[in-house]
Amino acid sequence: MALFDLALVALLLMLALRVVVEPDERSAIITFLAFGLLLGLAWVRLAAPDVALTEIAIGGGVTGILLLRAEAALRGRGKQAEPATRTGKLAVAAGSAAISAGLGFAVLTFSTPAPTLAPAAAQALPATGLGNPVTAVLLAFRALDTLLEKVVVLLALIGVWSLAPDALWGGAPDLKPAAVPGPLAYLGRVLPPFGVVIGVYMFWVGADAPGGTFQAGTVLAAMWLLVMMAGLHPPPDTTRWLLRLVLAGGPILFLAIAFLGFAFADGFLAYPKALAKPLILAIEAALTLSVAAALAMLVAGPARKAPAR
Amino acid sequence: MMAVLQPGVLFGLCGAALVGIGLFAVITHPGLLRRIVGCNILGAGIFLVFGAVARRGAGPGFDADPVPQALVITGIVVAFSASALAVALLKRLAELTVDDRAAPDESRSGL
Amino acid sequence: MSALLDTATVVLVSVGALLFLAGALGLLRFPDTLSRLHAISKADNLGLGLILLGLLPQSASIAGGLKLVCIWLLAQLSAATASQLLARAVHRDRTER
Chain A
1 MALFDLALVA LLLMLALRVV VEPDERSAII TFLAFGLLLG LAWVRLAAPD
51 VALTEIAIGG GVTGILLLRA EAALRGRGKQ AEPATRTGKL AVAAGSAAIS
101 AGLGFAVLTF STPAPTLAPA AAQALPATGL GNPVTAVLLA FRALDTLLEK
151 VVVLLALIGV WSLAPDALWG GAPDLKPAAV PGPLAYLGRV LPPFGVVIGV
201 YMFWVGADAP GGTFQAGTVL AAMWLLVMMA GLHPPPDTTR WLLRLVLAGG
251 PILFLAIAFL GFAFADGFLA YPKALAKPLI LAIEAALTLS VAAALAMLVA
301 GPARKAPAR
Chain B
1 MMAVLQPGVL FGLCGAALVG IGLFAVITHP GLLRRIVGCN ILGAGIFLVF
51 GAVARRGAGP GFDADPVPQA LVITGIVVAF SASALAVALL KRLAELTVDD
101 RAAPDESRSG L
Chain C
1 MSALLDTATV VLVSVGALLF LAGALGLLRF PDTLSRLHAI SKADNLGLGL
51 ILLGLLPQSA SIAGGLKLVC IWLLAQLSAA TASQLLARAV HRDRTER
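Protein chains in written order, with full-length UniProt numbering: chain A, 1 to 309; chain B, 1 to 111; chain C, 1 to 97.
Extracted from the complex, chain A is given alone in its bound form:
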């Protein structure tokens, strides 16, 4: 297995170097896509299947759509910075190598025995009623991180929406190509039903096996993006109350349950013992829909036409 690991590491480094030195923009982005997918394999080798699912879905999938559309929109225009001089590049390369070396030295001199929270997590796991420790950490032990992360995603979305010109504020983004190819329309009809079933399955099974909110939300976002890109359903106006309700619903439910913890349990974000698992699943369900809508809207971008009155 060490041979496989070495080959994987060598491939990852080669792909990363290729991304940096490749002159053609589109090849570089496709290479980065391949890098993201191989990184998912690396996470499996690190015994982290939840992270592998998230990396492949977000790093390989949605980031890929985002960057490919950006490259197409920026082709031939877009600001370029000043190219660095040769000595400048050598200096930066030396500095980056020094930082890498320092980080590598830190990795090599990690303290043994390794400090770990796994026994503490194992001990507290039965109280949450979940079987997957990563889901328990995300939604019970470090729920504050997940809540704040969702708020950060929404803030990024508001930032993206605010880039629309004033006259177009509240309008719909534009995703459809001018002429939708037949195969894409076909895929947009056939794949989303299966995609939604797979997404819901990943959310449901994430309580006890690898899976969970963010992986499921990304699959659902990808299906919605496919439907919009195939021209089967127009992107919604960003002022629509249903869209905003779905986007805000996850964090609002999360915050409501968090504050109710003051009344019914030990404090902020504490769950009452008997209701822990149903509450966690309710939060997860709302959060999955919210994450799906937010990720799809982040890829869709700011408004491109005026809102329908």
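Among the hints, erroneous ones may be present.
Stated by the list, open to error - With a straight-line cut-off of 25 Å between C-alpha atoms, the simulated DMTMM-like cross-links for lysine to aspartate or glutamate are:
id : chain 1 : residue 1 : chain 2 : residue 2
1  : A       : K176      : B       : D63
2  : A       : K273      : A       : D174
3  : A       : K277      : A       : D266
4  : A       : K176      : A       : E22
5  : A       : K273      : A       : D208
6  : A       : K305      : B       : E95
7  : A       : K305      : A       : D208
8  : A       : K89       : A       : E25
9  : A       : K176      : A       : D237
10 : A       : K89       : A       : E22
11 : A       : K305      : A       : D237
12 : A       : K176      : C       : E96
13 : A       : K176      : A       : D166
14 : A       : K277      : B       : D63
15 : A       : K89       : A       : D24
16 : A       : K176      : C       : D32
17 : C       : K67       : A       : D208
18 : C       : K42       : C       : D32
Said to hold, decoys possible - Distance windows between CB atoms, simulated:
id : chain 1 : residue 1 : chain 2 : residue 2 : range
19 : C       : L68       : A       : E82       : 50 to 58 Å
20 : C       : R29       : A       : A124      : 52 to 60 Å
21 : A       : A274      : C       : A17       : 48 to 56 Å
22 : A       : A167      : C       : S59       : 52 to 60 Å
23 : C       : L28       : B       : D63       : 36 to 44 Å
24 : C       : V10       : A       : A179      : 58 to 66 Å
25 : C       : A17       : A       : K176      : 51 to 59 Å
26 : B       : V78       : A       : A274      : 45 to 53 Å
27 : A       : V190      : C       : L68       : 16 to 24 Å
28 : C       : A8        : A       : A120      : 22 to 30 Å
Please keep in mind that the hints were generated in silico from the structure rather than gathered at the bench. Here a beta-carbon is modelled for each residue, glycine too, at the ideal position from N, C-alpha and C.
We have chain A already, so just place chains B and C on it with the hints.
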């Protein structure tokens, strides 16, 4: 030598190298979209170092420490949101730059 | 019986891996995009099918085996669509010139 070939240490070293590569891209590449990609590579490297920490935290009945893994999942989602915002800024910048070069009365319309 | 299943797995997965290698060689050596697409779609789809066929005896339950078949069908669907779209793009670029 055998200690380096443990998955935990090997992928941690890979992450350290990726941090250097990503930093180089962010600082020196003239194309701004490539700098965003470099930022993502930098993030991937840091997450791999976290993964190495998690792998080393294996306990009885656990293959890895779940807390760093949850932090990495959070980090991947946040990194994507940041990339999306950066890409939207870049596209808007490109639109405004094109309009700067247009005739003055043309650039007044719609903006 | 399980020795037979294991042998079948090893043989099928090896042949599938060889087919992927052949597809990769075609990707590297063929002169233009359309013939490379041809090499990849034929070799990779068949290779994936053989690998999944080889993994079926190893699956823990019927549900697991059905999920493997679903993976193969979904991969076929997306590969077919992607090849069609790429070929259309190449054709459009050619006729524009």
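Against the structure, the hints come out as follows:
Straight-line distance between C-alpha atoms of K176(A) and D63(B) comes to about 44 Å, which puts the hinted pair past the 25 Å bound. Restraint check for K273(A) and D174(A): not satisfied, since their Cα atoms lie roughly 47 Å apart, outside the 25 Å limit. Our distance criterion of 25 Å between C-alpha atoms is met by K277(A) and D266(A), whose separation comes to about 16 Å. Of the pairs offered as hints, the one joining K176(A) and E22(A) is violated, with about 29 Å between alpha carbons and a cut-off of 25 Å exceeded.
Of the supplied pair hints, the one linking K273(A) and D208(A) holds, its CA atoms being roughly 18 Å apart against a limit of 25 Å. Among the hinted pairs, K305(A) with E95(B) is consistent with the structure: their alpha-carbon atoms are about 15 Å apart, no more than 25 Å. In summary, the hint linking K305(A) to D208(A) is not supported, as the alpha carbons are separated by about 44 Å, beyond the 25 Å threshold. Proposed proximity of K89(A) and E25(A) is supported: the alpha carbons are some 20 Å apart, at most 25 Å.
A hinted pair counts as satisfied when its Cα atoms are at most 25 Å apart, and K176(A) with D237(A) qualifies at roughly 15 Å. Pair hint K89(A) plus E22(A) holds up; C-alpha atoms about 15 Å apart against a cutoff of 25 Å. This hinted pair checks out: K305(A) and D237(A) have alpha carbons roughly 9 Å apart, not beyond 25 Å. At most 25 Å may separate the alpha-carbon atoms for a hinted pair to count; K176(A) and E96(C) meet this at roughly 22 Å.
With a C-alpha separation of about 23 Å, the suggested pair K176(A) and D166(A) falls inside the 25 Å cut-off, and the hint holds. Simply put, K277(A) and D63(B) have alpha-carbon atoms about 24 Å apart, close enough for the 25 Å limit, and the pair holds. Using a Cα cut-off of 25 Å, the hinted pair K89(A) and D24(A) holds, with the two alpha carbons roughly 19 Å apart. Annotation: proposed proximity of K176(A) to D32(C) is violated, straight-line Cα distance about 29 Å (limit 25 Å).
The suggested pairing of K67(C) with D208(A) holds, with an alpha-carbon distance near 18 Å, which does not exceed 25 Å. For the hint pairing K42(C) with D32(C), the CA-to-CA distance comes to about 16 Å; that is within 25 Å, so the pair holds. Under the hint 50 to 58 Å, the C-beta atoms of L68(C) and E82(A), about 52 Å apart, fit the expected range. At roughly 57 Å, the beta carbons of R29(C) and A124(A) sit within the given window of 52 to 60 Å.
The hinted range of 48 to 56 Å is satisfied by A274(A) and A17(C), whose Cβ atoms lie roughly 52 Å apart. Between A167(A) and S59(C) the C-beta distance comes to about 57 Å, which sits within the given range of 52 to 60 Å. A hinted range of 36 to 44 Å for the beta carbons of L28(C) and D63(B) is consistent with their spacing of about 37 Å. Our hint of 58 to 66 Å for V10(C) and A179(A) is violated, since their Cβ atoms are close to 48 Å apart.
The given range of 51 to 59 Å is broken by A17(C) and K176(A), whose C-beta atoms sit roughly 39 Å from each other. Look at V78(B) against A274(A): about 33 Å separates their beta carbons, and that is not inside 45 to 53 Å. Separation of V190(A) from L68(C) is about 20 Å and conforms to the stated range, judged on CB atoms against 16 to 24 Å. A hinted range of 22 to 30 Å for the beta carbons of A8(C) and A120(A) is inconsistent with their spacing of about 45 Å.
In this structure, the hints that do not hold are numbers 1, 2, 4, 7, 16, 24, 25, 26, 28, in rising order.
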